[in-house]
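Residue-level listing of the chains:
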Amino acid sequence: MDNFKETFREEAFELLASLESDLLELESNPDDKELVSSVFRVMHTIKGSSAMFGFDEISEFTHEVESFFDKVRNGELRIDRQIIDATLSARDLIREMLEEEGDSKERKEECEAVLQTFRTLAQQAKGGKSPDAETEGEAEESPFEVEREESNQEELTYRIRFVPPSDLFKSGTNPILLLRELRELGDCTIIPRLDSIEGLEKFDPESCFCSWEIILTTKADINAIRDIFIFIESDSTIQIDTIESFSDMIENSQSRRLGDILLERGVISEETLKEALGKQKRLGEVLVETKAVSRGDISAALQEQEHGKRVQEKRTATLGKAGMSIRVASDKLDSLVDLVGELVTVQARISQLAVQENDASGHLRLVSEQLERLVEELRDNTMSLRMVPIGTTFSKFRRLVRDLSLELGKKVELQAEGAETELDKTVIEQLGDPLVHLIRNCIDHGIEMPEVRSSHGKPELGKVLLSARHVGATVQISIEDDGGGLDRDAILAKGIERGLLSPDGKLSDEDIFQTIFLPGFSTAKKITAVSGRGVGMDVVRQQIEALRGSVSIWSETGKGTKITISLPLTLAIVDGLLVRVGEEFFVVPLSAVEACVELDENEAEERGRRRLLEFREKLLPYVRLDDLFDLSSDDTSLRQVVVTELDFNRFGIVVDEVIGDHQTVIKSLGPLYQRVEGVSGATILGDGRVALILDILQLAKISAAVAG
Amino acid sequence: MNEQNDSSVVVALGAKATIEQVSSLADEIRAKLKQTDMLLFQVDQVEQIDLSVIQLMYATKRQADKEGKTFQFTGTASQAFLDTLVDAGFLNEPVDDLSVLHRSLIDFD
Numbered sequence: 001m002d003n004f005k006e007t008f009r010e011e012a013f014e015l016l017a018s019l020e021s022d023l024l025e026l027e028s029n030p031d032d033k034e035l036v037s038s039v040f041r042v043m044h045t046i047k048g049s050s051a052m053f054g055f056d057e058i059s060e061f062t063h064e065v066e067s068f069f070d071k072v073r074n075g076e077l078r079i080d081r082q083i084i085d086a087t088l089s090a091r092d093l094i095r096e097m098l099e100e101e102g103d104s105k106e107r108k109e110e111c112e113a114v115l116q117t118f119r120t121l122a123q124q125a126k127g128g129k130s131p132d133a134e135t136e137g138e139a140e141e142s143p144f145e146v147e148r149e150e151s152n153q154e155e156l157t158y159r160i161r162f163v164p165p166s167d168l169f170k171s172g173t174n175p176i177l178l179l180r181e182l183r184e185l186g187d188c189t190i191i192p193r194l195d196s197i198e199g200l201e202k203f204d205p206e207s208c209f210c211s212w213e214i215i216l217t218t219k220a221d222i223n224a225i226r227d228i229f230i231f232i233e234s235d236s237t238i239q240i241d242t243i244e245s246f247s248d249m250i251e252n253s254q255s256r257r258l259g260d261i262l263l264e265r266g267v268i269s270e271e272t273l274k275e276a277l278g279k280q281k282r283l284g285e286v287l288v289e290t291k292a293v294s295r296g297d298i299s300a301a302l303q304e305q306e307h308g309k310r311v312q313e314k315r316t317a318t319l320g321k322a323g324m325s326i327r328v329a330s331d332k333l334d335s336l337v338d339l340v341g342e343l344v345t346v347q348a349r350i351s352q353l354a355v356q357e358n359d360a361s362g363h364l365r366l367v368s369e370q371l372e373r374l375v376e377e378l379r380d381n382t383m384s385l386r387m388v389p390i391g392t393t394f395s396k397f398r399r400l401v402r403d404l405s406l407e408l409g410k411k412v413e414l415q416a417e418g419a420e421t422e423l424d425k426t427v428i429e430q431l432g433d434p435l436v437h438l439i440r441n442c443i444d445h446g447i448e449m450p451e452v453r454s455s456h457g458k459p460e461l462g463k464v465l466l467s468a469r470h471v472g473a474t475v476q477i478s479i480e481d482d483g484g485g486l487d488r489d490a491i492l493a494k495g496i497e498r499g500l501l502s503p504d505g506k507l508s509d510e511d512i513f514q515t516i517f518l519p520g521f522s523t524a525k526k527i528t529a530v531s532g533r534g535v536g537m538d539v540v541r542q543q544i545e546a547l548r549g550s551v552s553i554w555s556e557t558g559k560g561t562k563i564t565i566s567l568p569l570t571l572a573i574v575d576g577l578l579v580r581v582g583e584e585f586f587v588v589p590l591s592a593v594e595a596c597v598e599l600d601e602n603e604a605e606e607r608g609r610r611r612l613l614e615f616r617e618k619l620l621p622y623v624r625l626d627d628l629f630d631l632s633s634d635d636t637s638l639r640q641v642v643v644t645e646l647d648f649n650r651f652g653i654v655v656d657e658v659i660g661d662h663q664t665v666i667k668s669l670g671p672l673y674q675r676v677e678g679v680s681g682a683t684i685l686g687d688g689r690v691a692l693i694l695d696i697l698q699l700a701k702i703s704a705a706v707a708g
Numbered sequence: 001m002n003e004q005n006d007s008s009v010v011v012a013l014g015a016k017a018t019i020e021q022v023s024s025l026a027d028e029i030r031a032k033l034k035q036t037d038m039l040l041f042q043v044d045q046v047e048q049i050d051l052s053v054i055q056l057m058y059a060t061k062r063q064a065d066k067e068g069k070t071f072q073f074t075g076t077a078s079q080a081f082l083d084t085l086v087d088a089g090f091l092n093e094p095v096d097d098l099s100v101l102h103r104s105l106i107d108f109d
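Residue numbers (my numbering), protein chains in the order written: chain A, 1 to 708; chain B, 1 to 109.
You may find that some hints are simply not true.
[Stated by the list, open to error] In silico lysine to any residue, SDA-like type, Cα no more than 25 Å apart, as pairs: (1) A:K202 x B:E28; (2) A:K618 x A:R689; (3) A:K291 x B:R103; (4) A:K562 x A:S550.
Rather than coming from a laboratory, the hints here were simulated on the basis of the structure.
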């Protein structure tokens with residue numbers, strides 16, 4: 001049951017996410033009936049499923065909101081800001097109730113307050129009817145009873161025999177209207193029977209000779225079916241049976257045979273069936289010829305068979321659709337990626353063996369190449385399983401923008417482009433906070449107040465554009481506003497004042513703007529609850545860099561600001577530079593590598609504890625990996641320096657040999673090694689040896705610390 | 001009496017073909033069936049039809065079959081006519097060609 005509850009929770013969270021997005025959309029398009037229906041359906045589904053899984057508080061709460069939206073759906077109420085506000089609050093409360101089960105007095109009060117808002121809104125729309133009367137009215141009307149039954153019921157197939165009285169027409173009843181109502185309950189096959197009509201001789205045109213057999217597959221329960229016949233049930237024969245064999249048939253994907261249907265309908269006996277089957281002719285023909293059944297019986301049974309096939313096809317199609325996306329626990333995917341990583345390693349070893357071993361026939365090499373292709377494909381496919389569209393994250397920001405702009409009295413619209421762009425799930429999860437901060441900054445500092453915008457000839461409604469696109473092996477996400485832009489001179493002055501920028505340096509606009517990402521930098525004239533504490537932007541950059549990404553910035557006074565984040569598609573694979581120190585191998589992430597140069601130790605300087613070399617006419621600090629990790633290195637005076645640049649810090653890493661490019665699957669370190677500084681993970685090389693992946697950011701800090 | 005040619009006779013349904021009209025319609029059909037070997041049913045004007053008239057169609061067909069006569073539909077069918085047949089289960093889906101309607105009607109032919 002706990003598993004089911006968990007699944008319900010997950011699905012409810014997804015529904016609430018789409019609800020939020022629909023509501024925000026609805027706010028812009030209040031007359032969009034499809035969106036209103038969508039909100040209603042979400043409430044309806046949550047209400048039904050929460051009742052089923054024992055979340056009674058949610059079910060009761062949602063029921064009232066659903067009732068309210070039914071009125072909106074029926075055109076009794078029109079969407080406005082107050083309704084959107086109340087529904088968003090209701091959505092937040094449902095989420096809270098899902099997250100924290102159990103009674104809470106405070107929450108009950110909050111729920112009651114939200115429901116009261118809905119009642120008041122409904123009352124206002126009705127022109128002053130009291131909320132109590134409203135509730136009573138709803139209880140009497142009970143517009144949702146049938147639907148509540150539907151949602152909790154399993155789909156069943158019923159055979160309904162409806163024999164109206166012969167004087168049916170005299171009562172003014174039109175049975176076709178009842179049949180139309182039945183059709184609304186589900187998949188319906190209506191089989192009329194006119195067996196008693198033989199001709200015009202004894203035919204009384206004002207009498208009813210018709211009866212029906214109806215095969216109905218529905219989630220509605222038997223009472224909902226009976227309700228349809230309520231006004232004529234005393235004079236008619238109404239027999240409703242569940243066709244048990246239908247569920248079995250659908251379950252087993254089999255068609256019901258005509259003979260079985262006729263047997264089940266009680267039209268023929270088993271003996272008659274056996275006899276007819278023995279005649280090696282079509283069963284229906286034999287039975288009609290021998291007058292065991294009428295043509296009408298055969299026709300009815302064939303239609304029932306057809307109904308079964310149709311329902312089965314529909315079910316298969318639905319299952320097929322469900323099969324297109326299945327829910328898999330993310331740790332299973334992670335473990336699959338690990339296994340594929342192992343496979344990549346083994347494949348690399350085989351490739352190496354194929355090259356090294358005396359493989360005169362070339363068979364080993366051939367197999368190794370085939371394996372390499374397959375493994376590569378498998379790796380790409382596995383990685384793609386973790387790819388999810390970034391739009392899921394984007395949609396969360398619409399609420400943020402709405403609430404924040406209201407809070408600040410600004411008019412801001414969020415536009416999103418490239419929501420379908422896919423990115424590794426882990427990257428997306430870790431991207432949320434930095435993006436929230438950047439968007440907050442756009443609204444707080446970037447977009448001007450409506451009157452200011454008007455005075456500058458801009459539309460009052462500011463725009464924040466969130467976009468994503470693939471650029472090679474990276475994804476570029478940009479956050480762009482059409483606000484006032486960054487104040488270049490103020491940033492320069494502050495940067496110089498804080499010692500972050502050199503007063504005599506030749507700095508590009510980008511260099512100056514990048515200062516806002518440095519720790520402690522803030523030009524906000526006042527600290528607001530939204531941003532401006534000067535601790536955010538540097539954290540944003542650190543978070544992006546921790547994802548092996550980078551941030552660039554463009555801004556123009558009066559026109560706006562654009563911050564672009566570049567991220568690798570996945571965190572599971574790193575493009576690295578394989579280096580060697582003595583017997584040990586290391587991988588330097590390629591994104592941080594700027595150059596590789598030779599180090600002539602005779603030319604290198606040691607100033608105190610600082611080790612420096614000249615690189616592009618500047619002094620470059622460097623660290624020796626053999627010293628740092630206490631390794632024995634080659635006895636040579638000519639070593640290699642890998643020049644890295646990250647976080648505006650350029651420094652060198654001295655190694656014995658630079659081997660070359662190496663794309664590798666990252667394996668995390670065990671708990672014992674997780675605190676080792678300067679190393680972010682490991683990878684296994686083709687010959688089975690382990691290479692540690694260097695954490696450049698940490699190494700830069702170590703380098704700075706060593707230099708004092 | 002509407003006569004289409006020497007051998008066929010047409011029964012044309014009006015806009016309303018319901019229980020109020022069914023008795024007189026039955027009398028008309030009985031009379032016409034006696035005079036012809038081919039009775040044609042014209043339904044293009046029908047705006048409203050109920051079960052009583054549908055039953056009458058079936059009774060006419062069975063009577064015609066018994067007497068070795070032909071009973072068929074002619075012209076075009078109104079949407080209301082076809083929709084009612086579908087709703088009551090006599091037709092699985094509306095047909096475009098009325099000359100084949102008799103074959104599509106459940107248990108008609």
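Going through the hints against the structure:
1. At most 25 Å may separate the alpha-carbon atoms for a hinted pair to count; K202 of chain A and E28 of chain B meet this at roughly 16 Å.
2. The hinted pair formed by K618 of chain A and R689 of chain A fails the criterion: a straight-line CA distance of about 37 Å is larger than 25 Å.
3. Taking the CA atoms of K291 of chain A and R103 of chain B, the gap is about 23 Å. The hint holds against a cut of 25 Å.
4. A distance of roughly 14 Å separates the Cα atoms of K562 of chain A and S550 of chain A; the hinted pair therefore holds under the 25 Å criterion.
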